[in-house]
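Listed in order, the protein sequences are those of chains A and B. Take the first sequence: its position 112, counting from 1, is numbered 112 in our numbering, and each next residue is one higher. Each number in our numbering comes from the position in the second sequence (counting from 1) with 407 added on.
Please keep in mind that the hints were generated in silico from the structure rather than gathered at the bench. Heads up, a few of these hints could be off.
[What the hints assert, rightly or not] Here are the simulated DSS-like pairs of lysine-lysine, each with C-alpha atoms no more than 27 angstroms apart in a straight line:
1) B:Lys464 with A:Lys382
2) B:Lys429 with A:Lys382
3) B:Lys485 with A:Lys382
4) A:Lys382 with A:Lys394
In this text the structure is predicted, and so the values were computed from the model without any measurement.
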Amino acid sequence: MSELKTPIYLDYSATTPVDPRVAKKMMRYLTPDGVFGNPASRSHSFGWESDNAVTEARANVAALINADPREIVWTSGATESDNLAIKGAAHFNQRRGKHIITMKTEHKAVLDSCRQLEREGYEITYLDPQANGLLDLKAFKAVIRDDTTLASIMHVNNEIGVIQDIKAIGEICRENKIIFHVDAAQSAGKVPIDMDNLKVDLMSFSAHKIYGPKGIGALYVRRKPRIRIEAQMHGGGHERGMRSGTLATHQIVGMGEAFRLAKEEMAKDNERLMTLRTRLLDGFRDMEEVYVNGDLEQRVAGNLNISFNHVEGESLMMSLKDLAVSSGSACTSASLEPSYVLRALGRNDELAHSSLRFTLGRFSTEEEVDHAIKETRKAVEKLRDLSPLWDMYKEGIDLSSIEWAAH
Amino acid sequence: MAYGNKVIDHYENPRNVGILDKDAKNIGTGMVGAPACGDVMKLQIEVDDDGIIKDAKFKTYGCGSAIASSSLLTEWVKGKTLDEAKEIKNTDIAKELELPPVKVHCSVLAEDAIKAAIDDFQSKQ
Ligand SMILES: Cc1ncc(COP(=O)(O)O)c(C=O)c1O
Chain A
1 MSELKTPIYL DYSATTPVDP RVAKKMMRYL TPDGVFGNPA SRSHSFGWES DNAVTEARAN
61 VAALINADPR EIVWTSGATE SDNLAIKGAA HFNQRRGKHI ITMKTEHKAV LDSCRQLERE
121 GYEITYLDPQ ANGLLDLKAF KAVIRDDTTL ASIMHVNNEI GVIQDIKAIG EICRENKIIF
181 HVDAAQSAGK VPIDMDNLKV DLMSFSAHKI YGPKGIGALY VRRKPRIRIE AQMHGGGHER
241 GMRSGTLATH QIVGMGEAFR LAKEEMAKDN ERLMTLRTRL LDGFRDMEEV YVNGDLEQRV
301 AGNLNISFNH VEGESLMMSL KDLAVSSGSA CTSASLEPSY VLRALGRNDE LAHSSLRFTL
361 GRFSTEEEVD HAIKETRKAV EKLRDLSPLW DMYKEGIDLS SIEWAAH
Chain B
408 MAYGNKVIDH YENPRNVGIL DKDAKNIGTG MVGAPACGDV MKLQIEVDDD GIIKDAKFKT
468 YGCGSAIASS SLLTEWVKGK TLDEAKEIKN TDIAKELELP PVKVHCSVLA EDAIKAAIDD
528 FQSKQ
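Required output: the full structure, derived from the provided sequences and hints.
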């Protein structure tokens, strides 16, 4: 048995380590004896070699999603891609209309881009998910208007890991001449994506969620039919004018290599992750008052978001000294509000406060999962012994029948 | 969230966890907070004939600072008269536990809990 190293990283949705194979390749694009030239330099081999590296990386990113390399625009990450896609498409098409549809469970990069557009006079519809986290297509159709120009629906949710049916949503959008943006930061390399098969017009990617470096991402911009967006970053006219700024060769090479490896290893990784996640969930199955948040079937393999009722998430994490996980509870400052994603599912606030998110990844092991189960069970038992709500539950008192003094 | 040593100590070794008979005449029970807000504190005191708090027990659902605040409070109130216990201020708790500003509400809840327990005891007399 190998030595178990702690703390154990179980927060792969927050970020992943760079795969050593990726890091090794990146190192060759930095130092004086490496390929450090500016890819935009046309007059010497330093520039040409860098440009070749960028071209190869672009092809690798495009290949993972079966796109044309010319449809890939480099950005600093999915946050920037979301901003560029949403504001860029909304601005470019404002004469056609100013109504946008999105969901309450989107990442803040999408929601806050929409908020900004609201300040500029756009109207946004924020749809509730169903209780399992998935979009109700009928509800989506029902809010489409003549002046709807853009819809932004994420592929995989970062908190609960549910997979939206972007194929079906794309069909609806195309029929209604709505530009469709998808935030795929959490799905690339985890769920097969085939742009030939999807009526998605804009798609956001990030490298650091799939074993590439932080600070680099991409926006897919469809060529057929051609989607036009207004640049948000102005300058030297890089990336066909859509995003100026000297290309970060080493970052781009890292993202390209990460995407290449993802294409090769996705099927194998997913199979392993599914086994590990099932093992993790099975480790909690016999406990009372445990709830999985979000649909368990339409879900990426590495995600388990689970609530241990009557135990508060932040104190739970405090007990899990050997585990790096995250919680939907936010017992801080002015905002005592738990995760907006869990609330949007219609989960009561107490269950949202009691949630933990385990996200497994390429370097997770069976031993780590077993240790996580042991630690979590111990902590939940300890905190339930401390919890007045647990006592009341055990006495058969309906907690919702009590008038609590909100504070 | 990084916690101070005192919070961690109380969290890991909570003092006076337990339940007293809430129907007994010499017991006062205070339960404050709300599950939806992420913390509920239940504090119980046992008061002797001289009006001195002989024993105190707590159960808390909440973050580490909430648990530590209630644990510390049970230590402080034991041996005090009801009037002395009423004088305990949330700022004293926050200071002793070195709570960061975002966690001060936990100490406020603890102050509310002892006041509620004393009220409950007095209403029974
Ligand atoms: C769904 C989703 N969108 C966008 C982002 C932001 O990505 P980045 O860190 O590359 O800006 C993240 C990661 O936090 C995410 O999970």
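Hint-by-hint comparison with the structure:
{"no.": "1", "hint": "B:Lys464 with A:Lys382", "in the structure": "holds, 16 angstroms"}
{"no.": "2", "hint": "B:Lys429 with A:Lys382", "in the structure": "holds, 23 angstroms"}
{"no.": "3", "hint": "B:Lys485 with A:Lys382", "in the structure": "holds, 24 angstroms"}
{"no.": "4", "hint": "A:Lys382 with A:Lys394", "in the structure": "holds, 15 angstroms"}
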